[in-house]
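Go by the hints and put chains B and C onto chain A.
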Amino acid sequence: MNVKMTLNGEPFSAETPSDSLLVDVLRLNGFTGTKEGCGVGVCGACTVIVNEVPVASCIYLAALAQGQDVWTVEGLTTKDPALLDAFVEKEGMQCGICTPGQVVSAYALGIENPKASESEIREFMAGNLCRCTGYVTITESVRTYLASK
Amino acid sequence: MLISSPTSVEGALEELGNENTLAVGGGTSIALMLKNRLIEPDRLVLLNKVPTLSGIDERTSATVRIGATSTLLELMHSPLVNAALPMLSFASSRVGNPRVRSVATIGGAIIHGDPRQDLPPVLLSLGATAHIVGPSGERDVPLSEFFLGFMESAAGEDELVTEVTVPRVAGQRTHYTRFTPGSEDDYPTVGVAIAMTLDSEGTVRDARIALGGVDSTAILATEAAALLVGHRPSDELIAAAGQSAAEGANPSDDQRGSESYKRAMVDVWTRRTISACLAG
Amino acid sequence: MSRVDAALKASGRSRYVADFTLANMAYAAVARSEMAHARIVSIDTSAARGCPGVIAVFTAADVTATPYGRALVDTPLLARDKVRFVGERVAAVVAATRHEAEYAAAMIEVEYEPLDAVFTPSEALAPGAPAVHEQPWAYQGAAAKEGDPINLIHRGTHGSKEAVDAALASAAFVVDHHYTTQGVHQGYLEPQACIAEYISDEEVRIWLTTKAPYRVREMVGKCLDIDPKKIELEPITLGGDFGGKGSPQDAPLCTELSRKTGRPIKMTLRYSEDLTAANPRHPAEIDVRIGADEQGRIVAASMVANLNAGAYGAFTPSVPAPHGAVEIPSYRVPLFYSEANRVYTNTVPRGNMRAPGAPQGTFALESAMDELALVVGIEPAELRRRNLLVTGEADASHVHWIEHRGLETLEAALNAVVPIEPPEGWLYGRGISVYSRPTTSMASTSLRLTPVDDGCLRVETPLVETGTGSHTVLRQMLADQLGFAPQNIEIVGVSTNDLPRDAGAGASRVTAGFAAVVDVAAKAWMNRSRDEAIVVEVNEDSGVDVGSYTVQIAQVAVDPSTGQLKILELLNAVDVAAIINPLAFQMQIDGGATMGVGFATLENLDEADGQVWAANMGEYKLPSARDVPRYKTVKVPGAIGLGTANVKNIGESTTPPVAAAIANAVFDSTKCRIRDLPITAEKIYQALKGQQ
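Protein chains in written order, with this note's numbering: chain A, 20 to 168; chain B, 1078 to 1357; chain C, 5 to 696.
Chain A on its own, in the form it takes in the complex (with noise of 0.2 Å):
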């Protein structure tokens, strides 16, 4: 299956088996800022924005990104410097792994309810699990990137 699609607003095409997972077209072609965690679309690690909304890329067919626009931490951050700006200046990661999946749902969030309150902030941001954190730093950069929008 030849899969094209816009990728962080550039065009992209790549052969793939058909029943290839969106987390993987991206990690195979370069886009290894999207993290495979626990594969069932529970922890959030894979998540990428497909149409402005956040999708699990790990139980996401790569046939359904056909012709779809997508974006990637990759690009989330470089489109949207106050999305990195955020989580840097609020540290909100300790090792790393679940923080291309918390920023990109923080964008999500950000499309969803800009004015999300800390309870909404926790709600929306609960499918996103860290485990080093204990989540405070977390919900204070999300709270930050929301309040500079």
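Rather than coming from a laboratory, the hints here were simulated on the basis of the structure. C-beta atoms are modelled at their ideal positions from N, C-alpha and C, and glycine is treated no differently. Heads up, a few of these hints could be off.
[Unchecked claim] Pairwise CB distance ranges, derived in the manner of DEER restraints:
id	chain 1	residue 1	chain 2	residue 2	range
1	B	1213	C	51	37 to 45 Å
2	C	85	A	30	54 to 62 Å
3	B	1213	C	696	37 to 45 Å
4	C	50	B	1119	23 to 31 Å
5	B	1119	C	610	31 to 39 Å
6	C	696	B	1332	41 to 49 Å
7	C	547	B	1332	45 to 53 Å
Chains B and C in isolation, oriented as in the chain A frame:
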């Protein structure tokens, strides 16, 4: 494995006529099953390019039509669903996480038929109907007859659920409880969805109580609901309904609770959810 | 000044093991045992060999017979003759892609002859129990001897059981209870992964998800008969450790596969493999007996623990180590008997996890302390006040710390707690728990400091940044002592070939170890000849241990109709010396407490019949952003730390006490005592029902 992307229902049905073929809505459950080799289809039919399968509108003043590929995110934010079927918007907002809600569809939720999921009991209690189209024609199947067994539904492999219609009932009171005593981000130990109408005296005219997570499919607690109809429910009657619902449940042991605990929680949460409906 | 790696991590540019691809690389996947205990009758690899992309298939007959391990060397690369747990590696496939390797691995057919199995330490220690290993005493490093119970790996004891029994018999008050804890996983979100490139016996390169590269190269070298100095562990970014990434993981196997195929080999676990077949925390069965006089002063205590080591013992924590599962480090105990039995079972092999042994032991001990307070008839806090050690006293195992600040920490916690209203109709309770642990002064690491243009400094370290912020802390300490601006110091992780030593991250001593090497580096820097790189190292133990106390107070609410538990607040009072990086320090407190909350109330591998049933993250629940309680931190400053930097431990301080704090709060609210973790709504519900 072949992939096809039809642009019409007719085209999709034609593709589904092939052997060992599956229709894909959001594909989250199918992707998981593919990964675990629980299924090895020869062909997937993607429905995301079929425009007539999407959209949410008022079929009549008494019915809301929800296209099968409507996502849970769309159900959360649809002004119509929020106004007419607030329990459905609420329940959609509780499913999984934002990534799942972005892509998972209402059609997928009922076809997949996982009894632990939120939408099956909610749609059951709302009296929803699935519209099924297949090679031998079209039919409407009430959800009370749709869930046949664990992950097994009335829609055949060569058929398609094109839409779900939900009656819009003036003055209907609804409440959905998902009881997650461990992590909030988990399937409910039990889910209780109730829709009822009261007359001006507070007498129950009509009630449907549906349970999730306590049988091989989402189920209706028909007898429990019948106890309420024609009465202004007293604490005793509510307790009797809770007990009836618990007796009718058929839960199994798992990490989210033992059989006996889930049964006891059906009792507690049926009572509490009835009370929440009565309180408005 | 932010973390040294913040922008890299947040933009997805940090390179984790799974992100590397080498030229000509092939992928490995393994077929795993579906049986808990069985003799391997035959392995049919023909179907796998015919699968697309397959380069080679290996069974035990094709790889080295030498096992690997740390103290105890008992772990085979692939199961030989029999399998000992569900998930054990039975055969390996090398293929052109990961999916092809996994697909082919699923095609391997193994014929088994089932054997009787043992799943718990009690079963395994029963007379006549089936042997997990026929000759466990024959392994290199084995502590067990022929004639010992067949599944006993090691029995460690301290003190006289007879003396303690006699004292308990005449004590005014005695409690005697049995506590059990479940298997839990470290929960790092980066599954274990390895790339091994064997070029010759003189040149081997490994990228491994490890926090202990020097230790790994020793173990890989020994197993494969390669000089460890010829094995280079490459610098990587680590996606969480929590103790679970100190073993060689699949590095011995991947290196062997690379040697056999002539290709670099990559193997990345699926998370379900990590949950079912890596090295989770050992479940424990612990008996605690404590006797006290009329005033509630402890006269004698006994802790006996059976620890489930799983099918291989190579990487189970070696208890009793100081402050493992069966220690009483905080209280005055005139007579103490402890016993820890590490036992083989037909379950997943166990490894280290944040404060190995302590979460289990502290749950048992601190629960028992509350049970003692109840029978003595005094408040739980008062019981602790009467028994906490003061400076100058030795602990139950005769260990002396430079000072004891338990009492100050206790009072600080009690003064800071503000009662929180429970939801209407819910029961309210409060529970307390004390934990203390030492920072050993053992320091073993090295650094290279290279002056670069424009007054900047490049500093190379072999210490793997596990995520804690250690490289940021290092930069800060160097900046302070050498007089550089932090932004003019670049910290670079380097390989095992680049610098002589590092003990690996662990035991809450990374900051203390850096403090020691920075002291040496500062002296060497002052005395250096101009513009020359300097290499410094430390490998020392000054012998002065500092201890650190944590006192936790949990406030909870319980719904009496359902048993549902809400943690309203978890207060951490911590005894601190100097704090180098306040934010990183706070994240250790919060993150450690969160892991404790998971252990106490949520996480469970759900093991039965030798099977891990919670085999994916949909079933193995980690606390999410909305599951964590409100945290409150009270720092009790002024402690004596180590080195010029005056630092002590924090990373493992707030995890162990959580379970008992919550169990004690649940008791306070419901009068129900939960002695089996995790504390679920159902257990509380059943206990409440039992009261009626």
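| query | When you take the CB atoms of residue 696 of chain C and residue 1332 of chain B, is the distance between them in 41 to 49 Å? | reply | Check failed, 26 Å falls outside 41 to 49 Å.
| residue 85 of chain C paired with residue 30 of chain A, Cβ distance criterion 54 to 62 Å | 56 Å, holds
| said: Quick check on a hinted range of 37 to 45 Å for residue 1213 of chain B and residue 51 of chain C, using CB atoms only. | reply: The hint (37 to 45 Å, Cβ to Cβ) holds, given that residue 1213 of chain B and residue 51 of chain C are roughly 40 Å apart.
| Is the distance from the Cβ of residue 547 of chain C to the Cβ of residue 1332 of chain B consistent with 45 to 53 Å? | 47 Å, holds
| task | Given the range 31 to 39 Å, decide if the beta-carbon distance of residue 1119 of chain B to residue 610 of chain C lies inside it. | result | 35 Å, holds
| Do the Cβ positions of residue 1213 of chain B and residue 696 of chain C conform to the proposed distance bound of 37 to 45 Å? | With a Cβ separation near 58 Å, residue 1213 of chain B and residue 696 of chain C fall outside 37 to 45 Å, so the hint is violated.
| message | Just to be sure I understand the hint, the distance between the Cβ atoms of residue 50 of chain C and residue 1119 of chain B should be within 23 to 31 Å; is that true here? | response | This hint holds: roughly 25 Å between Cβ atoms.
This entry does not satisfy hints 3, 6, going by the numbered hints stated previously.
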